[in-house]
Amino acid sequence: MMDISNIKVELFDGDLPVEQITNAWYDQFRLSNYGAIVTFVGVVRDEDGIDGLSFDIYEPILSSWFDAWQKKANEKNAIVLMAHSKGDVLNHTSSYIAAVCSPKRRVALEMIDEFVEDFKAQAPIWKYDIIDGQREYAEDRSTAITGAGLLN
Amino acid sequence: MVTIEFLGPIGKENMSVDINNLSQLSEILKDEADVATWLEKSAVAVNDTLVSSKDIDLKDGDKVSLLPPVCGG
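Taken in sequence, the protein lines are chains A and B.
Throughout, the numbering used here is defined as the position within the first sequence, counted from one, plus 2.
Throughout, the numbering used here is defined as the position within the second sequence, counted from one, plus 89.
Read the hints as simulated data drawn from the structure, not as lab findings.
The structure displayed is predicted, hence computed values, not measured ones.
It is possible that some hints are incorrect.
Said to hold, decoys possible - Example chain A residues on the side facing chain B (calculated, C-beta under 7 Å, incomplete):
no.	residue
1	PHE14
2	GLY16
3	PRO19
4	GLY37
5	THR41
6	PHE42
7	ILE63
8	LYS88
9	GLY89
10	TYR98
11	ALA140
12	ARG143
13	ASN154
To be verified - Only pairs whose alpha carbons sit at most 35 Å apart, straight line, appear in this in silico DSBU-like list of lysine-lysine:
no.	chain 1	residue 1	chain 2	residue 2
14	A	LYS106	B	LYS152
15	A	LYS106	A	LYS78
16	A	LYS106	A	LYS122
17	A	LYS10	B	LYS152
18	B	LYS101	A	LYS88
19	B	LYS130	A	LYS122
20	A	LYS10	A	LYS122
21	B	LYS101	A	LYS106
22	A	LYS10	A	LYS106
23	A	LYS78	B	LYS148
24	A	LYS88	A	LYS74
25	B	LYS130	A	LYS106
26	B	LYS148	A	LYS73
27	A	LYS74	B	LYS130
28	A	LYS73	B	LYS143
29	B	LYS119	B	LYS101
30	B	LYS148	A	LYS74
31	A	LYS78	B	LYS119
32	B	LYS119	B	LYS148
33	A	LYS74	A	LYS106
34	B	LYS143	A	LYS10
35	B	LYS148	A	LYS10
36	A	LYS88	B	LYS152
37	A	LYS74	B	LYS143
38	A	LYS88	B	LYS143
39	A	LYS74	B	LYS152
40	A	LYS88	B	LYS148
From the three backbone atoms N, C-alpha and C, an ideal C-beta is built for every residue, glycine too.
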């Protein structure tokens with residue numbers, strides 16, 4: 003069984019060095035006898051007049067969210083990998099990469115969908131549009147974390 | 090004292106309050122105009138663990154975090 007304790011979320015200031023990250027993952031894990039490495043690369047789109055996106059991250063809870071996913075993946079002999087940007091990321095560059103490695107493709111293909119969707123809904127990351135050099139909270143695209151409203 | 094931190098777009102400085110539980114915190118924050126509107130959509134963590142019940146005792150040195158709606162990626 004893979005030692006998963008050393009696999010952490012990789013955070014970068016600004017846009018992600020995509021080739022460096024995905025090549026490193028491939029080199030690290032292709033020798034672990036995973037038959038499937040499925041990578042999702044998120045790219046910032048030019049829409050609604052934005053120059054890019056900006057991100058705040060709360061690392062302690064992101065780490066615990068990721069570690070819980072790692073345990074869940076490991077039950078299916080898979081591992082999850084993730085990199086994300088902090089701060090500003092301009093259009094047509096990457097802010098988010100997720101990957102699943104598993105012995106067989108079906109587990110990885112299904113898990114990448116669930117992993118990315120749960121990330122979107124639960125990971126403690128806040129997105130802002132960059133418009134004319136100002137950050138505007140992307141409230142209409144944001145999702146309340148499960149259990150929200152406890153103090154209301 | 091318990092430290093209250095407001096994450097992401099809430100954009101408010103930390104508070105230090107003398108409370109024993111989350112119900113007391115709720116009453117305090119409902120009177121803070123710049124926070125009150127965030128309460129219904131914010132999740133709550135105590136010492137960096139998300140909680141789903143107000144029935145939690147708080148002690149001196151604890152940290153409570155408010156997490157507004159998220160959107161990574």
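Right, here's what the structure says about each hint:
1. Because the beta carbon of PHE14 (chain A) sits about 14 Å from the nearest beta carbon in chain B, more than 7 Å, this interface hint is broken.
2. With a cut of 7 Å, the hint placing GLY16 (chain A) at the interface with chain B is violated, because the nearest CB-to-CB distance is about 16 Å.
3. Against a cut-off of 7 Å between C-beta atoms, the interface hint on PRO19 (chain A) is violated, since the closest Cβ of chain B lies about 17 Å away.
4. Of the supplied interface hints, the one on GLY37 (chain A) is violated, with its beta-carbon coming no nearer than about 27 Å to a beta-carbon of chain B, more than 7 Å.
5. Checking THR41 (chain A) against chain B by beta carbon gives a least distance of about 14 Å; that is not within 7 Å, so the hint is violated.
6. Among the interface hints, the one on PHE42 (chain A) is violated; its C-beta lies about 9 Å from the nearest C-beta in chain B, farther than the 7 Å criterion.
7. Interface hint at ILE63 (chain A): satisfied, since its Cβ lies 6 Å from the closest Cβ of chain B, which is below the 7 Å cut-off.
8. Interface restraint check: LYS88 (chain A) against chain B, minimum CB-CB distance 11 Å, threshold 7 Å, status violated.
9. Taking 7 Å as the C-beta cut-off, the interface hint given for GLY89 (chain A) is violated, the closest approach to chain B being about 13 Å.
10. A distance limit of 7 Å between C-beta atoms decides the matter here; for TYR98 (chain A) the minimum to chain B is near 4 Å, and the interface restraint holds.
11. Evaluation of the ALA140 (chain A) hint against chain B yields a held restraint, the C-beta minimum of about 5 Å falling below 7 Å.
12. Taking 7 Å as the C-beta cut-off, the interface hint given for ARG143 (chain A) holds, the closest approach to chain B being about 5 Å.
13. Restraint check, ASN154 (chain A) versus chain B: the minimum CB separation of about 4 Å is within 7 Å; hint holds.
14. Of the pairs offered as hints, the one joining LYS106 (chain A) and LYS152 (chain B) is violated, with about 43 Å between alpha carbons and a cut-off of 35 Å exceeded.
15. For the given pair, LYS106 (chain A) sits about 10 Å from LYS78 (chain A) by alpha-carbon distance, which is consistent with the 35 Å threshold.
16. With a C-alpha separation of about 25 Å, the suggested pairing of LYS106 (chain A) with LYS122 (chain A) holds against the 35 Å cut-off.
17. Restraint check: the Cα-Cα separation between LYS10 (chain A) and LYS152 (chain B) comes to about 24 Å, which is no more than 35 Å; the hinted pair holds.
18. Taking the CA atoms of LYS101 (chain B) and LYS88 (chain A), the gap is about 20 Å. The hint holds against a cut of 35 Å.
19. Only pairs whose Cα atoms come within 35 Å are accepted, and LYS130 (chain B) paired with LYS122 (chain A) is accepted, the gap being roughly 16 Å.
20. Restraint check for LYS10 (chain A) and LYS122 (chain A): the C-alpha separation of about 18 Å stays at or below 35 Å, so the hint holds.
21. Distance restraint check for LYS101 (chain B) and LYS106 (chain A): the Cα-Cα separation of roughly 47 Å exceeds the 35 Å cut-off, and the hinted pair is therefore not satisfied.
22. About 23 Å separates the Cα atoms of LYS10 (chain A) and LYS106 (chain A), which keeps this hinted pair within 35 Å; it holds.
23. Distance check on the hinted pair: LYS78 (chain A) and LYS148 (chain B) sit about 40 Å apart at the alpha-carbon level, beyond 35 Å; violated.
24. A hinted pair counts as satisfied when its Cα atoms are at most 35 Å apart, and LYS88 (chain A) with LYS74 (chain A) qualifies at roughly 26 Å.
25. For the proposed pair LYS130 (chain B) and LYS106 (chain A), the alpha carbon gap of about 40 Å is over 35 Å, so the pair is violated.
26. Straight-line distance between C-alpha atoms of LYS148 (chain B) and LYS73 (chain A) comes to about 31 Å, which keeps the hinted pair within the 35 Å bound.
27. Taking the CA atoms of LYS74 (chain A) and LYS130 (chain B), the gap is about 27 Å. The hint holds against a cut of 35 Å.
28. A distance of roughly 28 Å separates the Cα atoms of LYS73 (chain A) and LYS143 (chain B); the hinted pair therefore holds under the 35 Å criterion.
29. For the proposed pair LYS119 (chain B) and LYS101 (chain B), the alpha carbon gap of about 14 Å is at most 35 Å, so the pair holds.
30. In summary, the hint linking LYS148 (chain B) to LYS74 (chain A) is supported, as the alpha carbons are separated by about 33 Å, within the 35 Å threshold.
31. As the CA atoms of LYS78 (chain A) and LYS119 (chain B) are separated by approximately 45 Å, the hinted pair breaks the 35 Å bound.
32. Proximity of LYS119 (chain B) to LYS148 (chain B) is assessed by CA-CA distance (about 21 Å); at most 35 Å being required, the pair is judged to hold.
33. About 16 Å separates the Cα atoms of LYS74 (chain A) and LYS106 (chain A), which keeps this hinted pair within 35 Å; it holds.
34. Our distance criterion of 35 Å between C-alpha atoms is met by LYS143 (chain B) and LYS10 (chain A), whose separation comes to about 31 Å.
35. A hinted pair counts as satisfied when its Cα atoms are at most 35 Å apart, and LYS148 (chain B) with LYS10 (chain A) qualifies at roughly 31 Å.
36. Between LYS88 (chain A) and LYS152 (chain B) the CA atoms are separated by roughly 23 Å; this keeps the pair inside 35 Å, and the hint holds.
37. For the hint pairing LYS74 (chain A) with LYS143 (chain B), the CA-to-CA distance comes to about 28 Å; that is within 35 Å, so the pair holds.
38. Only pairs whose Cα atoms come within 35 Å are accepted, and LYS88 (chain A) paired with LYS143 (chain B) is accepted, the gap being roughly 32 Å.
39. A C-alpha spacing of about 28 Å is found between LYS74 (chain A) and LYS152 (chain B), which places the hinted pair at or below 35 Å, so the restraint holds.
40. Distance restraint check for LYS88 (chain A) and LYS148 (chain B): the Cα-Cα separation of roughly 32 Å lies within the 35 Å cut-off, and the hinted pair is therefore satisfied.
Checked against the numbered hints above, the structure breaks hints 1, 2, 3, 4, 5, 6, 8, 9, 14, 21, 23, 25 and 31 and satisfies the rest.
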